[in-house]
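> Residue-level listing of the chains:
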Amino acid sequence: SQQGEEDPQALSIQEGENATMNCSYKTSINNLQWYRQNSGRGLVHLILIRSNEREKHSGRLRVTLDTSKKSSSLLITASRAADTASYFCATDKLTGGGNKLTFGTGTQLKVEL
Amino acid sequence: DSGVTQTPKHLITATGQRVTLRCSPRSGDLSVYWYQQSLDQGLQFLIQYYNGEERAKGNILERFSAQQFPDLHSELNLSSLELGDSALYFCASSFGPTYNEQFFGPGTRLTVL
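In the order they appear, the protein sequences are chains E and L. Letter by letter, the first sequence follows residues 546 to 658 of the working numbering. Letter by letter, the second sequence follows residues 132 to 244 of the working numbering.
Heads up, a few of these hints could be off.
Below 30 Å or equal to it, Euclidean Cα-Cα: the simulated DSS-like pairs (lysine-lysine) are [said to hold, decoys possible]:
(1) E:K655 / E:K615
(2) L:K188 / E:K571
(3) E:K601 / E:K638
(4) E:K655 / E:K571
(5) E:K614 / E:K638
(6) E:K601 / E:K614
(7) E:K615 / E:K601
(8) E:K601 / E:K655
(9) L:K188 / E:K614
(10) E:K638 / E:K615
(11) L:K188 / E:K615
(12) E:K571 / E:K615
(13) E:K601 / E:K571
(14) L:K140 / E:K655
(15) L:K188 / E:K638
Using C-beta positions, here's what the derived DEER-type ranges look like [said to hold, decoys possible]:
(16) L:L244 / E:S584: 21 to 29 Å
(17) L:R194 / E:H602: 31 to 39 Å
(18) L:G147 / E:R586: 27 to 35 Å
(19) E:S573 / L:R194: 30 to 38 Å
(20) E:E598 / L:K188: 25 to 33 Å
(21) L:G147 / E:A623: 49 to 57 Å
Rather than coming from a laboratory, the hints here were simulated on the basis of the structure. Built from N, CA and C at the ideal position, the CB exists for glycine as well.
If we strip away everything but chain E, and leave its shape as in the complex, we get (with noise of 0.2 Å):
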């Protein structure tokens, strides 16, 4: 079963806007991370933030995290026709002695020119 809903389903802007993504989760976690598929081809690793973090940039990306809300959003700034995929966060839970990694249900993004 799916940890968490992403919010919206699918986003269609022009290049140079920015997107926002929402995540929201069920249940406690150790870290957050938000991954990239372009179309049936294997996941990118974005960027990953901890529990006891708030927020973190990578590059155009922004990503927040709010554990009170269990929600985090992802915001790509200035976007290109490249950034163009599906976007995915997932919650990783300890689990003994191993890491399960839990994914949302994905936000497709469309960038058109």
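Keeping the supplied structure of chain E fixed, place chain L upon it in accordance with the hints.
Chain L only, in chain E's frame:
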């Protein structure tokens, strides 16, 4: 290119058959994870191995099994295949057993007819 390799890229087989998917982790990574991605279930964690030992288990069916060999490559065996097993199967790797970003392979697309 994440450095994780998966073979084969595509696999088409019939119901009731057995297949083996293979994964080689990034050089230096000791953990291997298997995920299933389907339209109805989304991305589901199946199982994790760390340095040859099972570390975490997810929604893996009893018909499915995996192992990690001394050279750290891993195989996922799917038996008594059903139509609903058609999906993309991803392998990912990380250095440690916990709290790591995971590097995903390109996936194996399994079609069961």
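> State for each hint whether it applies.
Now for the hints, and whether the structure bears them out:
1. E:K655 / E:K615: holds, 26 Å
2. L:K188 / E:K571: holds, 19 Å
3. E:K601 / E:K638: Distance of about 20 Å is within 30 Å: holds.
4. E:K655 / E:K571: The given pair, whose Cα atoms are some 27 Å apart, holds under the 30 Å limit.
5. E:K614 / E:K638: Answer holds: E:K614 to E:K638 is near 17 Å, not above 30 Å.
6. E:K601 / E:K614: Distance ~17 Å between E:K601 and E:K614 Cα, so the pair holds.
7. E:K615 / E:K601: Holds. E:K615 to E:K601 sits at ~16 Å (cutoff 30 Å).
8. E:K601 / E:K655: holds, 24 Å
9. L:K188 / E:K614: Holds, at about 28 Å.
10. E:K638 / E:K615: holds, 14 Å
11. L:K188 / E:K615: holds, 24 Å
12. E:K571 / E:K615: holds, 7 Å
13. E:K601 / E:K571: Given pair E:K601, E:K571 holds - Cα atoms ~21 Å apart, limit 30 Å.
14. L:K140 / E:K655: Holds: L:K140 and E:K655 sit about 26 Å apart, inside 30 Å.
15. L:K188 / E:K638: The hint holds at about 12 Å.
16. L:L244 / E:S584: 21 to 29 Å: Because 23 Å falls inside the window, the suggested range holds.
17. L:R194 / E:H602: 31 to 39 Å: violated, 44 Å
18. L:G147 / E:R586: 27 to 35 Å: holds, 30 Å
19. E:S573 / L:R194: 30 to 38 Å: holds, 32 Å
20. E:E598 / L:K188: 25 to 33 Å: 29 Å Cβ-Cβ, so the 25 to 33 Å window holds.
21. L:G147 / E:A623: 49 to 57 Å: holds, 52 Å
Checked against the numbered hints given earlier, the structure breaks only hint 17 and satisfies all the rest.
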